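Asks: Residue numbers (this note's numbering), protein chains in the order written: chain A, 1 to 320; chain B, 1 to 334.
Careful: at least some of the hints might be erroneous.
Covered stretches of chain B (in silico footprint by chain A; criterion: 3 or more residues with CB under 8 Å from a CB of chain A, positions within the stretch not fixed) [said to hold, decoys possible]: (1) 80-90; (2) 195-207; (3) 283-289.
Simulated restraints, written as ranges between beta carbons of each label pair [what the hints assert, rightly or not]: (4) B:G96 x A:F24: 25 to 35 Å; (5) A:R226 x B:G63: 57 to 67 Å; (6) B:I210 x A:R27: 38 to 48 Å.
FYI, nobody ran anything at the bench for these hints, they're computed from the structure.
In this text the structure is predicted, and so the values were computed from the model without any measurement.
Every residue, glycine too, gets a C-beta built ideally from N, C-alpha and C.
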Amino acid sequence: MMRRRRAAGILTLAMLAAGLLTAFDLRFASSTETRLTASSSRGEVPAGEPFDDYWDGISAVELPLSAQKMTPPNGGRASTASARAVHDSSNLYVLLEWTDSTSSRSAGRVQDFTDAAAVEFPADGSESVPALCMGDPTRSVNIWQWRASWQENLAPTIRDQYPNTVVDDYPFSEDPVFTPSRSLGNPVAPGVHESAVDNLVAGGFGSLTSDDVSPVHGIGEWHDGRWRVVFTRPLEVGREGNVDLPVGARTNLAFAVWDGEAEERNGMKSVSGFATLSVSPDRLPSHELSPNVIFIVIVILFVALGMWMIPGRPKGAARA
Amino acid sequence: MTSSAVLETTECAPRSSPFAVSQARPRRPTLVVIALVLVGVTLAELLLMRLFYRVGIFLPKEGAFADVYRIATTLGSFAFNLASILAAIALVGVAGRAWRAGRRRVGVAIGAFLVAAAAGIATKADLAVAVQRSVFLVLVVAVGFGALKRTRGSFRLAIAGATLAAVASAYAGLAADAVLAGSGGPMPGIAAAQILAEWASVVTSVLLFIGWWREPGPRRGPLIVGASLAALLTVAWLAAGSVTGILALWTSGLRLSAPIVVYIAALWCFSSAAAGWLKPRPWRSIGLVLLMAAGLLPASSYALMLVLLGLLFLTEAAAVGGLPRWGSEEPVSA
């Protein structure tokens, strides 16, 4: 009877404690999460040079990508990307890296599609985890989408696409009457973009809207089958629908990539799950010592300690 | 008392069911009750949090679905917290038994693991998390490899495989932590360790099946249970391979780097053995369910607790003081 009471008492207390933890949204143990920490940079961040050695000194987080299957048009593939983040107290820099055997930089012809990448945040900068695909009606998301074609458009290359093109003189090329999509502000109308990154807000499927202002900048480089894109944005912009990320903030972020060669666009993309971004006040560690060697030594010591803890077989005892 | 009793915890135990210790309904020790509830709550967490919640992230939540989603995820969150607490209590119980059995270093190590886990949660400090995972590595080695001396045959190899999977997975977690702490570059062998853990899990499943086939011997029921789960995985893969793949990654940490047929066979072997040992070796069954629920997710202190308990139960804590019989406080083999 005593034993039953003890078990019942323990279970009751455990359920009570679990109920309190749940009510106050606390956790007794850590669940699986991918953490991306943006530490404070010790020097100037080479935002325009994604393959600079500086970035190799920042810890990368692996992000499994899967095909987007939740809403048509489906597409994408299973692969892996990696992300790094750093800040300089003014700007946040997020570097996304993924493999892509081809570099698709132009959407100048109708049969061409551009490589692209995006970062998504809950618009309120919390850890509330809205719906991954465009957020919820009550919890919107802020998306930064970099497009290789927009970056190329910073220096127009239509003649690269059609080198033998002969264009007659066209006197009204700057007249808005003859360029209606551009004059109406269609964000995907051909033209020169101020930034290669489209600053988007969304609150569910079909609600994706390009913000009038894009405080986000992005530079991408393709090298030996890998894209690296650096997104740069002020930590705080104080604009509705745009996430604010002051030092000390913790929020969620997710990534998506498009492979233009595979004709991916819109919902045809590879997506990651949500990771946790922490904007840390700590500085990036210096690398005067070799932490890897120290780490391996520590692991060996701990394993040796574990072996030492294994009790020996008592004398005279036979193996079962 | 314990040392001689522990020696017989695995292959030489009587074939009679621990459920039938006496004609009257057995009074189950507290640790048994906690373990049983833990299994149920862990499976609820697996279903509601790791599956429903994560799939729900991809869906817009409006109307009735928003209410269902909120209720289900609240229940899942409760199950997660309750499972975490029960796992910690069970570990304290095992630590207490180890201490009383003279295995005080193990008892202290389990205590240190729990303290480090709590410190990691409270402070979110990388150092606390790294210490927790280091102590976990120590305990896995002590519990798993320590039990090898007291077993034989394919079950012995299975314990070695399960321990190897846990060690490789723990290394991957430790190495990832070191990277997060800013070690200055990727640690060597993170992906290789994850693949090794995955393959060790697959091989272990087959060895467990062989061990169960030899003792207590094959029965139709467990084979059907295993085949049903394997068929479910097959259908899911054929219906939506990429979705199934990402769900496998999220729920169990498996990358499915080998052909899917390998994992289908491994699931059949693993679940058949888990179901087959339910009556003759209930601790083993519970251990296998906890190991399956934990998966290869080295970034979660919750999963680490489940792995540790899974290994302890699978080996019937042979190396650290033994577990109670189903109906009494005496060690399993007493």
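Asks: It remains to establish, for every hint, whether it holds in the given structure.
Replies: Going down the list of hints, with the structure as the test:
With 9 residues having a Cβ less than 8 Å from any Cβ of chain A, the segment 80-90 of chain B passes the three-residue criterion, so the hint holds. Under the rule that three or more residues need a Cβ within less than 8 Å of chain A, the assignment of the segment 195-207 of chain B is violated, with 0 such residues. With a cut-off of 8 Å between beta carbons, the segment 283-289 of chain B has 0 residues touching chain A; three or more are needed, and the interface restraint is violated. Checked against the hint of 25 to 35 Å, the C-beta distance between G96 of chain B and F24 of chain A comes to roughly 29 Å, which is consistent with it.
Hint check: R226 of chain A to G63 of chain B, Cβ distance near 43 Å, so the stated range 57 to 67 Å is violated. As the Cβ distance of I210 of chain B to R27 of chain A is approximately 39 Å, the hint placing it in 38 to 48 Å holds.
When the structure is compared with the earlier hints, violations turn up for hints 2, 3 and 5 and for no others.
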